[in-house]
Structures are given as C-alpha cells and as structure tokens.
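Asker: So the chains spell out like this:
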Amino acid sequence: GAGVSQSPSNKVTEKGKDVELRCDPISGHTALYWYRQRLGQGLEFLIYFQGNSAPDKSGLPSDRFSAERTGESVSTLTIQRTQQEDSAVYLCASSLLRGGNTEAFFGQGTRLTVV
Amino acid sequence: GDSVTQMEGPVTLSEEAFLTINCTYTATGYPSLFWYVQYPGEGLQLLLKATKADDKGSNKGFEATYRKETTSFHLEKGSVQVSDSAVYFCALIPGYGGSQGNLIFGKGTKLSVKP
Chain A
222 GAGVSQSPSN
232 KVTEKGKDVE
242 LRCDPISGHT
252 ALYWYRQRLG
262 QGLEFLIYFQ
272 GNSAPDKSGL
282 PSDRFSAERT
292 GESVSTLTIQ
302 RTQQEDSAVY
312 LCASSLLRGG
322 NTEAFFGQGT
332 RLTVV
Chain B
64 GDSVTQMEGP
74 VTLSEEAFLT
84 INCTYTATGY
94 PSLFWYVQYP
104 GEGLQLLLKA
114 TKADDKGSNK
124 GFEATYRKET
134 TSFHLEKGSV
144 QVSDSAVYFC
154 ALIPGYGGSQ
164 GNLIFGKGTK
174 LSVKP
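Residue numbers (the working numbering), protein chains in the order written: chain A, 222 to 336; chain B, 64 to 178.
Check the hints yourself; a few may be wrong.
[Claimed, not checked] Derived, one-sided and incomplete: chain A residues facing chain B with beta-carbon distance under 8 Å:
#, residue
1, G237
2, V240
3, Q262
4, F266
5, F286
6, L312
7, E324
8, A325
9, F327
10, G328
11, Q329
12, G330
Just so you know, these hints were derived from the structure itself, not from any lab.
Even glycine gets a Cβ: it sits at the ideal position worked out from N, Cα and C.
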C-alpha cells in the first residue's frame, strides 16, 4: 500500500482480556518495528523484524507481549491478560533496511485503552 | 545506554516567531540524528536528518545541525506558521561501536502556534 496501515485505530478492552494489533507495512520494506507511546512519554521500542532473521525482542516489557510477522508482510502484536498499564498508543514502522540512515515510515497507531 | 533528551513542552508561539527546540543525546559511537514530526491526527513523519558531525539537516524551513562537541541537535525555524503546530520528536540511531541500531526517541515537544 501507499503507507503503513494499522488496525484497529482504537481499541477498548477489559482488564485480563487478550488483544491483537495489526500492522501492514509498506510493500517491499524488509524491516518492521513496533513501538509503544504512553501518554506524555517518548516512543518505547518493543520489537523489530528484519527479513528472515530472528526478531529483536529486547524491548518487550513482559512475557504477556508477543509479535509475529509472516515473511515481509503483515505483523501482529499480541498482548495477553491486558493490564491498565498497557494503555498506550502502539505504533508500527517499516523501512527498507535497519539502522544506518534509513528513514522509518510510521503508521497512525492503535490507541489501546484497558479499563 | 543511548538516550535522547529534549526540552519539555508545550511551547506556544505567535505566528512568525523564532523557534528553537533543544535536543541533546547520549550515545557511544557515531549516531545518526533525526527530527520527526507528528501533526494532529496523523502519523509520525521524518522532518530532517543528519548523519555525521557538522551536517545540517533542513526541510520546510526547519534546520538542525549535528554538534558532536555539545552532543546536540537543536531544531530551529526562523518564522513559524500556524500549520507548524505539531509534536516534534528528536531521535537517534546508534552508529558503529554503539548499541543495537534501533531508533531511540525523546519524549516529544508539543508546539502550538497562534495566529
């Protein structure tokens, strides 16, 4: 597509429920990032995929968080047993290459509210 | 570890005023530096970048110079417009000798420009 697409744009869930967030990267982009942005905070790195390499999961805050990516296409971020502290905007970005000087293109994010 | 610190907001200016948003960084190696902007209701987009010391990034009247001696990358614009109202994020990608090449963000500075 023309840009990075994320769905849903907003999600309200009850504490303890599982949620799944989706990211469609720009076609041909090998790298895909997930970030979390809490209210009034910067962007917190969660996980990174690059081609067929093992993902960099160093930013995932707990084992309740997991992510998958099929080849170089769609990625899903799953949060199990959601907690109120998980409330944030979850941003996805894609780029042609990791690191270096390559621009990362961002989606509009999924606003998650855990009640 | 690598980090970015930018001035707290919000910043409120009148149209045609001079803008400075301070950004300093901590990084091992030689990072690449970026300013991203998030307009209301839109996703993050790259505003400008600089990849080595003394480089100046510029776009849409905004400028920032990579100052290694002061570890700074301050954003400036000589005459702001109402349409510049947005949240601005300073970011870096650690370079050679640094940590993993993830895009690390500051907390963001909200700019409001009044007519």
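Asker: Which of the numbered hints above does this structure break?
Answerer: 1, 2, 5
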